[in-house]
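J.: Each chain, letter by letter, is given below.
2 protein chains.
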Amino acid sequence: MKIGELAHVAQCTVETVRYYEKEGLLPAATRTAGNFRQYGPAHVERLRFIRNCRALDMSHGEIRTLLSLADQPGAGCGAINAVFDQHIAHVDERIQELVQLKAQLSSLRKRCQAEQAVDACGILHGLAAMETEAKHKRHTHLG
Amino acid sequence: MKIGELAHVAQCTVETVRYYEKEGLLPAATRTAGNFRQYGPAHVERLRFIRNCRALDMSHGEIRTLLSLADQPGAGCGAINAVFDQHIAHVDERIQELVQLKAQLSSLRKRCQAEQAVDACGILHGLAAMETEAKHKRHTHLG
DNA sequence: CCACACCCTGAAGCTACTATAGAGTCAATG
DNA sequence: CATTGACTCTATAGTAGCTTCAGGGTGTGG
Chain A
1 MKIGELAHVA QCTVETVRYY EKEGLLPAAT RTAGNFRQYG PAHVERLRFI RNCRALDMSH
61 GEIRTLLSLA DQPGAGCGAI NAVFDQHIAH VDERIQELVQ LKAQLSSLRK RCQAEQAVDA
121 CGILHGLAAM ETEAKHKRHT HLG
Chain B
1 MKIGELAHVA QCTVETVRYY EKEGLLPAAT RTAGNFRQYG PAHVERLRFI RNCRALDMSH
61 GEIRTLLSLA DQPGAGCGAI NAVFDQHIAH VDERIQELVQ LKAQLSSLRK RCQAEQAVDA
121 CGILHGLAAM ETEAKHKRHT HLG
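As they're listed, the protein sequences go chains A and B.
Everything in the first sequence is counted per the working numbering, starting at 1 for the first residue and increasing by one.
Everything in the second sequence is counted per the working numbering, starting at 1 for the first residue and increasing by one.
Be careful, since some hints might not be right.
For chains that are exact copies, the list does not tell them apart, and a pair is met inside one copy or across any two.
Below 30 angstroms or equal to it, Euclidean Cα-Cα: the simulated BS3-like pairs (lysine-lysine) are [unchecked claim]:
id	residue 1	residue 2
1	Lys102	Lys135
2	Lys2	Lys135
3	Lys137	Lys2
4	Lys2	Lys110
5	Lys102	Lys2
6	Lys22	Lys110
7	Lys110	Lys135
8	Lys22	Lys135
9	Lys2	Lys22
Calculated directly from the structure, the hints in this document are not laboratory data.
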């Protein structure tokens with residue numbers, strides 16, 4: 001199959017497929033006489049795997065690790081479990097951050113219930129008065 | 001004050017300050033004879049406002065909007081409330097996404113409790129078998 | 001033979017910074 | 001007065017994971 005069809009079955013764009021090839025996530029396809037990429041079932045499987053990982057918000061690094069682990073048939077899957085556990089921890093951490101954020105936002109929002117002059121707007125005052133805190137380094141790739 | 005001191009009181013780096021100036025979030029400073037940027041209290045206030053917004057994960061676009069609204073003293077703050085409500089909705093949406101994600105990840109994780117050969121690993125099988133879904137456009141800038 | 005859908009490469013754009021190189025400024029010290 | 005060291009300047013490139021664009025080539029139906 002050609003790249004358009006592959007992209008279609010894997011629910012992504014043609015550009016994304018080419019990008020994955022350039023990144024080394026997807027092995028390079030063979031080419032037709034006219035220099036079109038030619039794909040088979042193995043490519044479909046791999047691309048679907050990658051897209052499923054991305055749907056779970058894994059980074060390319062995590063996916064690369066999983067793929068290389070999966071490619072060693074003799075190995076055990078302890079390392080795979082570890083990648084997964086760490087990723088779940090990332091997601092959890094980000095959820096906690098966002099929940100806290102929402103609490104802060106909601107409390108600010110309460111300060112301005114009415115339409116009034118901006119000079120009196122409790123939100124703006126709150127934003128100006130907040131204690132500016134140093135941004136702590138993020139351990140996750142989840143924005 | 002010079003840029004280093006400004007960065008210090010606003011809890012960010014010198015590079016970030018220069019970046020905000022280039023982006024137009026922070027007005028350009030006056031310069032000393034030696035071409036060093038020179039800041040006053042108004043810059044401190046504005047930069048702290050920006051950093052506080054960023055601590056609440058607002059995008060530069062959202063901050064730009066807030067700043068320009070705040071700069072119109074005669075105007076009402078309905079538009080400000082709207083920006084805020086929308087941002088809270090973004091955060092909420094992202095929390096929902098991540099909670100769902102975590103459920104998916106946890107259910108996958110349960111499929112492989114033991115160290116075993118990768119061929120038998122339930123996680124890998126699950127990742128390969130998942131229904132690949134089209135990535136829906138994200139309405140938020142929160143990763 | 002032509003239109004049109006599809007494919008190709010390479011480079012730039014997106015967000016919000018961070019990092020680096022190479023040079024200039026300024027206050028204090030010897 | 002020269003030097004040291006902390007600070008500043010500009011310009012450029014890198015980060016993640018794509019998307020978009022420009023400027024072409026390929027292949028098929030009428």
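J.: Compare the structure with each hint and give your call.
T.: Against the structure, the hints:
1. Taking the shortest Cα distances, Lys102 and Lys135 sit within 30 angstroms of each other both inside one copy (17 angstroms) and across copies (25 angstroms).
2. For the identical chains of this complex, Lys2 and Lys135 are inter-copy neighbours only, at 21 angstroms across copies versus 46 angstroms inside a copy, given an alpha-carbon limit of 30 angstroms.
3. Taking identical chains as interchangeable, the C-alpha atoms of Lys137 and Lys2 lie at most 30 angstroms apart only when they sit on different chains, with a minimum of 25 angstroms there against 43 angstroms within one chain.
4. In this homomeric assembly, Lys2 and Lys110 never come within 30 angstroms of each other (Cα to Cα): the closest approach is 55 angstroms inside a single copy and 37 angstroms across copies.
5. In this homomeric assembly, Lys102 and Lys2 never come within 30 angstroms of each other (Cα to Cα): the closest approach is 46 angstroms inside a single copy and 35 angstroms across copies.
6. In this homomeric assembly, Lys22 and Lys110 never come within 30 angstroms of each other (Cα to Cα): the closest approach is 49 angstroms inside a single copy and 34 angstroms across copies.
7. Taking the shortest alpha-carbon separations for Lys110 and Lys135, only the intra-copy value of 25 angstroms comes in at or below 30 angstroms, while the best inter-copy value is 34 angstroms.
8. Taking identical chains as interchangeable, the C-alpha atoms of Lys22 and Lys135 lie at most 30 angstroms apart only when they sit on different chains, with a minimum of 21 angstroms there against 33 angstroms within one chain.
9. For a Cα distance limit of 30 angstroms, the shortest separation of Lys2 from Lys22 inside one copy, 17 angstroms, qualifies, whereas the shortest one across copies, 44 angstroms, does not.
The structure fails to meet hints 4, 5, 6 from the earlier list, while all remaining hints are met.
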